[in-house]
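Asker: What follows is the residue order along each chain.
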Amino acid sequence: MSKVTRREFLMASALGAAGLAFSNSVTAAFAKDLFSHVRPDVPRQKKELKIAYLCQQLSAQSNQRVKAGFENWLKASGLPWDVTVTDAKGDPGQLSATIEDAVSRGVDAIIVTFGTLTAAQGALQAVAKAGIPMLSVDSGYYPPAICDIASNNYVMGSHMTSYLVQRLLGEGKTEANICTITANFHHGTRKRGKVRDAVLSENENIKVLADQVIQYEGFFETTLNTVNDWINRYGEDIDAIWCPWDEPAQAAAQALVSQGMTVKDAFVVGADGHPPAVEEMRNPDYPLVATPAQAFELWGALAGSFVDEIVGKGRPAKEVVPVPQVDFPAPFIVKGVNMPPEGKMPWETVDFYQLFFEQAMVKE
Amino acid sequence: MKVEQAPTVGKLRLPAIDWEDFIARYGTVLALVIVFVAFWVLEGRFVSGRNLLNILRQVSTLAVVAGGLTICVAAGEFDLSVGTVASLAGILVAGLMVRQEQTFEVALMVALLSGAAFGTLFGFIVTVFRVPSLIATIGGSSIALGVNFAYAGGDSIYGQMPATFKFIGQGFVGGVPFAVILALAVLLVQYLFLNKTRAGRYVIATGANPKAAKLSGINTERYRFLGLVCSGFFAALAGVMLTSYLGSAQPQGADPYTMDALAAVFLGMTTIKRGQANILGTLVGVLTLGIINNGLNMVGAPFYLQNIVRGGILIFAVLLAVRREEIRFF
Chain Y
201 MSKVTRREFL
211 MASALGAAGL
221 AFSNSVTAAF
231 AKDLFSHVRP
241 DVPRQKKELK
251 IAYLCQQLSA
261 QSNQRVKAGF
271 ENWLKASGLP
281 WDVTVTDAKG
291 DPGQLSATIE
301 DAVSRGVDAI
311 IVTFGTLTAA
321 QGALQAVAKA
331 GIPMLSVDSG
341 YYPPAICDIA
351 SNNYVMGSHM
361 TSYLVQRLLG
371 EGKTEANICT
381 ITANFHHGTR
391 KRGKVRDAVL
401 SENENIKVLA
411 DQVIQYEGFF
421 ETTLNTVNDW
431 INRYGEDIDA
441 IWCPWDEPAQ
451 AAAQALVSQG
461 MTVKDAFVVG
471 ADGHPPAVEE
481 MRNPDYPLVA
491 TPAQAFELWG
501 ALAGSFVDEI
511 VGKGRPAKEV
521 VPVPQVDFPA
531 PFIVKGVNMP
541 PEGKMPWETV
551 DFYQLFFEQA
561 MVKE
Chain X
78 MKVEQAPTVG
88 KLRLPAIDWE
98 DFIARYGTVL
108 ALVIVFVAFW
118 VLEGRFVSGR
128 NLLNILRQVS
138 TLAVVAGGLT
148 ICVAAGEFDL
158 SVGTVASLAG
168 ILVAGLMVRQ
178 EQTFEVALMV
188 ALLSGAAFGT
198 LFGFIVTVFR
208 VPSLIATIGG
218 SSIALGVNFA
228 YAGGDSIYGQ
238 MPATFKFIGQ
248 GFVGGVPFAV
258 ILALAVLLVQ
268 YLFLNKTRAG
278 RYVIATGANP
288 KAAKLSGINT
298 ERYRFLGLVC
308 SGFFAALAGV
318 MLTSYLGSAQ
328 PQGADPYTMD
338 ALAAVFLGMT
348 TIKRGQANIL
358 GTLVGVLTLG
368 IINNGLNMVG
378 APFYLQNIVR
388 GGILIFAVLL
398 AVRREEIRFF
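So the protein lines, in turn, are chains Y and X.
Under the working numbering, think of the first position of the first sequence as 201, with each following residue one higher.
Under the working numbering, think of the first position of the second sequence as 78, with each following residue one higher.
If you are wondering where the hints come from, they were derived from the structure by calculation, not from laboratory data.
Here the structure is a predicted model, which is why all the values come from computation and not from measurement.
Please note that a few of the clues may not be correct.
Straight-line alpha carbon distances no greater than 30 Å define the calculated DSSO-like cross-link-like pairs of lysine-lysine that follow [to be verified]:
| # | chain 1 | residue 1 | chain 2 | residue 2 |
| --- | --- | --- | --- | --- |
| 1 | Y | K275 | Y | K464 |
| 2 | Y | K391 | Y | K407 |
| 3 | Y | K464 | X | K243 |
| 4 | X | K243 | Y | K535 |
| 5 | Y | K246 | Y | K394 |
| 6 | Y | K247 | Y | K275 |
| 7 | X | K273 | Y | K544 |
| 8 | Y | K373 | Y | K394 |
| 9 | Y | K246 | Y | K275 |
Incomplete in silico selection of chain Y near chain X, CB under 10 Å [claimed, not checked]:
| # | residue |
| --- | --- |
| 10 | L249 |
| 11 | S259 |
| 12 | Q264 |
| 13 | N405 |
Derived CB-CB ranges, DEER-like [unchecked claim]:
| # | chain 1 | residue 1 | chain 2 | residue 2 | range |
| --- | --- | --- | --- | --- | --- |
| 14 | Y | P516 | X | G389 | 54 to 64 Å |
| 15 | X | R176 | Y | K407 | 23 to 33 Å |
| 16 | X | V114 | Y | A398 | 33 to 43 Å |
| 17 | Y | P343 | X | L107 | 50 to 60 Å |
| 18 | Y | G293 | X | V114 | 35 to 45 Å |
| 19 | X | L269 | Y | K407 | 47 to 57 Å |
C-beta atoms are modelled at their ideal positions from N, C-alpha and C, and glycine is treated no differently.
Pulled out of the complex, with its shape left as it was, chain X reads as follows:
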């Protein structure tokens, strides 16, 4: 590690900056800034207030599901069902309001409970029967899709939905989309949970080194269980937000969130707290994905570049982290 000698100003000695460490820690953030500036240079309207709010609006749903997944990954587990669980919640909330004529509150409660229920099921399978979460959630993803189709017959759900519900995804507060405010509030809660509560610290300890955590007296099964429940619950909340945003429920509308949320979490693990899933890092990951998608549209880039650039950035960022041994998968 290269440490520069601390510069002095008169008799005052300034703290030394380890530039290599700084770049390693904040390289992803710097890359985000560079990408942002590049799009700004290429298309001035990219930084208009309207477009910046547009970007925040577009990533708000992903931020909620990725935040929940962050807690799960921090506990050392994977959840590959977040997309289908979000789709199920989206279908349930719309179906209950439109087809069963339930109130918004009842529909919301059932939708959120469906996510928590899937998380609980996965937690049970993973911690009691010791099935790897990767497998349990792949299987569970298929079950969620099956339940989705069993409920709605695979059909999209359109119809009159209460104004309160529409406000979640389409409303504004002081010119700011409510979905953005909601997502920030959720991320704040997730951040406080992981960093300022004992349970959150135990989640991180469990994910960082389960054996050491167990030897320290932490009930690691409980926190792995909790991680999966959080992931399911926030996926369901994201599904509700998506349905409100779209104004209709699409049976597989949230399915792409699985890959996007994983990408955001992995990108986040390369920054702020390297090698560890963390909410601020995930926020950087979510913003990176959103800015790339929006920026490429704004500069009129061919559609296929979105996939190539997104995939390339993800692989490159994780590759660097793996080479520095900050992330280890298997």
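So here's chain Y without its partners, still in its complex pose:
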């Protein structure tokens, strides 16, 4: 049986899930040459475009990674785009203003990453009125955006929490105590939290000892201090800590380690599959045990390719992206089971579908 590579699997899944109507050349270029930076032999219509690339919170790893994916794709494609990057530094009002500024500048396309578009209704109306194609990345879908590219956060929240439940049961803890960190400022972390609560409501053997809602500002220190406080209050009664993404998960793990606890005492689940977190997971005692790995770099590249198809080549938006929400699969990484090979991106790991498929089907 020929093995399907991680990248090919992600590509196929993303395209299938969204029902994308890519042309063969774009699909091939995307899959083959995304990060090679060299593609001199592909004939391109090199239309000069003015692109507004607007970030909600550039200091977040997720924002950085999507931007890196976009920039690498652009470099590889050799397109002469004039890209202006702005950062709203977490302020929804500022994001709204930068969208309006982009409209005033008369850009050819707008890409919004991790935006709070619910708080940008006026600016979105201006975009619609100006007829400027706009794509969003992990912002939730809001018209007039052509689409939003992200992982399915409901699925991720379910993966994380179900795994937490299963691991506790696997450890023989039929009655268990957990603490949770909640982040509601971003639609993705908010959805994961809601699904977490739904899953836990079906598992009443697990008691939530404490919950802390965090804001982005100072989140690492807030989480570190809060988990230290919890450890002092509940001690070894804590069996697990649920975190909305990897950086708070690292803070929680650091608090556990600093108080002499290992993964055997309490474990942590996070989300995103950020490389620093995944590197820490290679340590067997490190409490962070699981994280769905989002393909941030691929989202940035995909956003670029959509703009190229729709604005650069003039293809109808509906033909390129028939559905408003492009859900990228996020392979679930579990320590000791499917850690990605060193030097590979976390989302390049072999996911559970493939693991189970091989277990079931491959016979020597």
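Go by the hints and put chain X onto chain Y.
Answerer: Relative to the frame of chain Y, chain X by itself:
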């Protein structure tokens, strides 16, 4: 003012206690004690040695930045950039070690100098061009954030950092977090500077009544300048401590310190030396904030109570001081 008659024991006359003055002077300290006892009653583990050290550890970074801000406010100036300057120093120290592979000593020096440089810049703008420090430091805060993003691209910095550096925020000496010892040492130096040196007394005189200080021959511009430099320098030191504590540099990790440090300084101005920014008062303010944060977590209070209680206490304490005309802002 109500003065009770001095009680006598035999022929010995004890000094009279002005209870009203005592309450006014130490009311904030009493409130801190009451809050402490309340949390103790509600949750016994609150007073465990481990948790008390935990509280001290958690407030140590804030204490350093608030101590520096105290000197600035004592000189009659405001510094609203301490959070972003601390964030910048935190990013620089980590970036220089991890990305530029510089030694800990070089990285530390550059990070601390960055804070002092911002303080010097603000001092220059405020004293030479007579721009109010409130405005200069708001603008400067934005510049510090810009430099931060220009250096690291807005990215967090993870990676292997030297053990010496990690020891600052994560090490222990005889069971006590080194960060606590460092913070106490810094507060002691700041206290001695303000109270036992001529320069410190001139700083206080400048802040208390700049016209009178000038007429007395004090170079008030110099001490306002010095206050801003101290504020920037200690903010940078706090940024270094925070990065060591977190084990990574977060681009805006120290930004919340601006509000927390101001709250601690204002709380401190309501006690010990009322109406005047003072290090012991600031320490009371820092401990109050830390105990409230920790105590509410320990008793399992809803997360939003931390903000409400913190804000409420700050407003109430300053309101009392303003009503007694101990603090005047504008």
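Asker: Are the hints correct? Go through all of them and say.
Answerer: A quick look at each hint next to the structure:
no.: 1; hint: K275/Y to K464/Y; in the structure: 45 Å, violated
no.: 2; hint: K391/Y to K407/Y; in the structure: 20 Å, holds
no.: 3; hint: K464/Y to K243/X; in the structure: 25 Å, holds
no.: 4; hint: K243/X to K535/Y; in the structure: 26 Å, holds
no.: 5; hint: K246/Y to K394/Y; in the structure: 45 Å, violated
no.: 6; hint: K247/Y to K275/Y; in the structure: 15 Å, holds
no.: 7; hint: K273/X to K544/Y; in the structure: 59 Å, violated
no.: 8; hint: K373/Y to K394/Y; in the structure: 24 Å, holds
no.: 9; hint: K246/Y to K275/Y; in the structure: 13 Å, holds
no.: 10; hint: L249; in the structure: 23 Å, violated
no.: 11; hint: S259; in the structure: 4 Å, holds
no.: 12; hint: Q264; in the structure: 5 Å, holds
no.: 13; hint: N405; in the structure: 20 Å, violated
no.: 14; hint: P516/Y to G389/X: 54 to 64 Å; in the structure: 57 Å, holds
no.: 15; hint: R176/X to K407/Y: 23 to 33 Å; in the structure: 44 Å, violated
no.: 16; hint: V114/X to A398/Y: 33 to 43 Å; in the structure: 41 Å, holds
no.: 17; hint: P343/Y to L107/X: 50 to 60 Å; in the structure: 58 Å, holds
no.: 18; hint: G293/Y to V114/X: 35 to 45 Å; in the structure: 43 Å, holds
no.: 19; hint: L269/X to K407/Y: 47 to 57 Å; in the structure: 51 Å, holds
In summary, the structure is inconsistent with hints 1, 5, 7, 10, 13 and 15 from the numbered list given earlier, while agreeing with the others.
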